[in-house]
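Listed below are the residues making up each chain.
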Amino acid sequence: MKKVLIIVSTFLLIGCVSDDDILSPIDNNIVDVPESLVIDDLKGIKVESTIVTDEVKMNIKLPYTGVYRVKIRDISKELISQEKLEANEGDNILKVYVSSLKNNGYTLELTDDNHDIIGITSIVVNN
Amino acid sequence: MKKILTLLVSVLCTISVYGQSSLGYSRVNTVTKVGDTLVVKYQYSKGTDSNGNAMPDATLYQFDIQYNNKLLELLENQWIPQSTSAQKAVNTWNGYKFTIDSEKDQTDFDGQYLSWLSGNSSYETNSDWSVQRVTYQDVNSLESGDEFMKIRYKIKDKANTNYSDYTNIINANWANYKESDGTQIDVDGTSTLSLSNIQGGDAGNVSLSVSSNIITNNIGDGSDFSYTIYTKGDTQTPLASGNFDAAGDATITGLENDVEYDAYISIDSSKEYLDNVVTVSDLALVFAEAIGAGDGPNGISTTFDYYLQSILANVVGTSIPNGGDINFQDSYEILAYLQGVTTNSTTYISQTGQALNISGIKTTFGDEVNGIATVSPTFKPTDLNKSFNFAHTLAGDVNFSHGFEPTSENADIPTSAQSNTTQRSMMARGAKLNPETANLDLTSELKDGLVEFTIGSEVEEMIGAQFNIIYDRTRLVLDDVIFDTGNTMTNFSNHIEESGKINIGSFDQNFEATVKTGTPYKLIFTPTVELQNTSGLITFKVNEGVKADGTQIKFIMN
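In the order they appear, the protein sequences are chains Z and D.
Position 21 of the first sequence, counting from 1, maps to 21 under our numbering, and the rest follow consecutively.
Numbers in our numbering are just positions in the second sequence, counted from 1, shifted up by 1000.
List time: in silico DSS-like cross-link candidates among lysine-lysine, alpha-carbon distance up to 30 Å:
no., chain 1, residue 1, chain 2, residue 2
1, Z, K102, D, K1271
2, Z, K102, D, K1447
3, D, K1516, Z, K77
4, Z, K77, D, K1447
5, D, K1447, Z, K43
6, D, K1501, Z, K95
7, D, K1541, Z, K102
8, Z, K57, D, K1541
9, D, K1547, Z, K77
10, D, K1501, Z, K77
None of these hints come from the bench; they were simulated from the model.
Model, not experiment: these values are computed from the prediction.
Throw the hints in and build the complete structure from the sequences for me.
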């Protein structure tokens, strides 16, 4: 009888768990995203502040884990800096360092490793 | 009114048919420029009748003249007759101009006088003109050819007036010669006096412009340039100086027309991009010239396209005009400069803090004279030309990356004097040194706690390459530079730690080996702060390669 009760109780407990809880994947990239860096779309790039001194936080939100590039272009769209990085699906809070850039306006470009653009934003360096 | 009518009737009744006496006026001296004193003599000439007999003598000589007071300043009236019994008067009214009786000739001076009396000609207000009335009366008549007076005028600048020249600046309006009994004498004479070829005077706004690839290619802008103007031949006392605007234009005032000036254009030597003026592309051109390529048809061979390149490439030693030549010393000095090696030589390599300016009139920039390139600083504002275009380049900039590539036909080295291997003479002047383009991949990456900067290249046929890189020295320390360019390349790296710069590159002095494809260059940095990524830590501006014929390869990065 004791065994029967244990089995019944187990079924009852399982019955209290929703289907969603059972089917959802485990999110390994749990990132605390500041409100200023929240990206509503599924992918993109966003900086904490457009005017930048020394450094600024940025969020690159990605559709899947992989190799990406963050490019900095000048006013004529000429590439002047490029980072290659492995990043996770979802939000990735990183930084852009600008102390070696002249005071000017720049474009930040997020692409995949094949240079296909995922998102673009702009910054103004004011060191 | 009654008196006037009486006088008019009286005068009309006394007119007889006589030969014309005259009022002549002409300049005594030669004047050529603004500020000169113009001397005009006013002269009596006695007429003759149809039989050749002299006309009656006059005892009253009166005439009105007018001069343009915008172009002439009255200095002095000088009576010439010495008669002690004569009565003389000169009256002046400013702001009037005579309107003739159009029914009569302008030079019918006595007729115009009568018309003025009768109201058929008149004086109207006109601020540009002044009227003088000369009256001479004596019991003794003047002899034919006697001068009434000389009037001295100073020639004024026509700038800021409504006049473009000095024509029609003095008129005689009318003349009233009378015999002792009051008989009117016919008078004609000179209608007008004009001056030509008057030079000088305020040139007003004179425009200068400067051309350079610094402006054309947005490396900087026109406001990086300044001008200094001297009287031609002088280099000690500047007459004017200032900056160009962003477009490379400047407006100068205070210069004079028809005066020759020398203008020298300079660039702000503090500009950081001046460190990119002399690169591996220039090095290749100088090495090629130093090596030479055998004798040309005239016994001389050169790899250069323009005579001016000989001046720009001669970075050390005796100057070209003094018999110098482009030799290996020049090329090794440039190589040493790229490597950051300090030599004991005084070099003419433009860089930040040392801008070695060469400027001149654009249309003749680099023109050959007796086998030597020349530049002319001289310009002369005139009435017809107040705009002057200058070109600028920098010593050491053999490929004109930061200068103006000559466009004058006379600046071009003829094909017959060029090496067969490097002839670009068929290409358009001003574009012979245009770069080709090629793709390249420059990336920074965080790996195992270090920051790696790699230059990936699939570009072939490069006998030289250069990359000027700036890194964030507040967060990174350069640990290593790894070359994988091939066994025979001469690699260089010039690390300027205090400003976070490193220039790296390669060059084959034999013009045979080429930079290996793959990852020919890698920089390793150690972070001094904790990093999650590397965006912005390493930037690059000058990225160029060079082919064996000296053609620059401009790298394009996706």
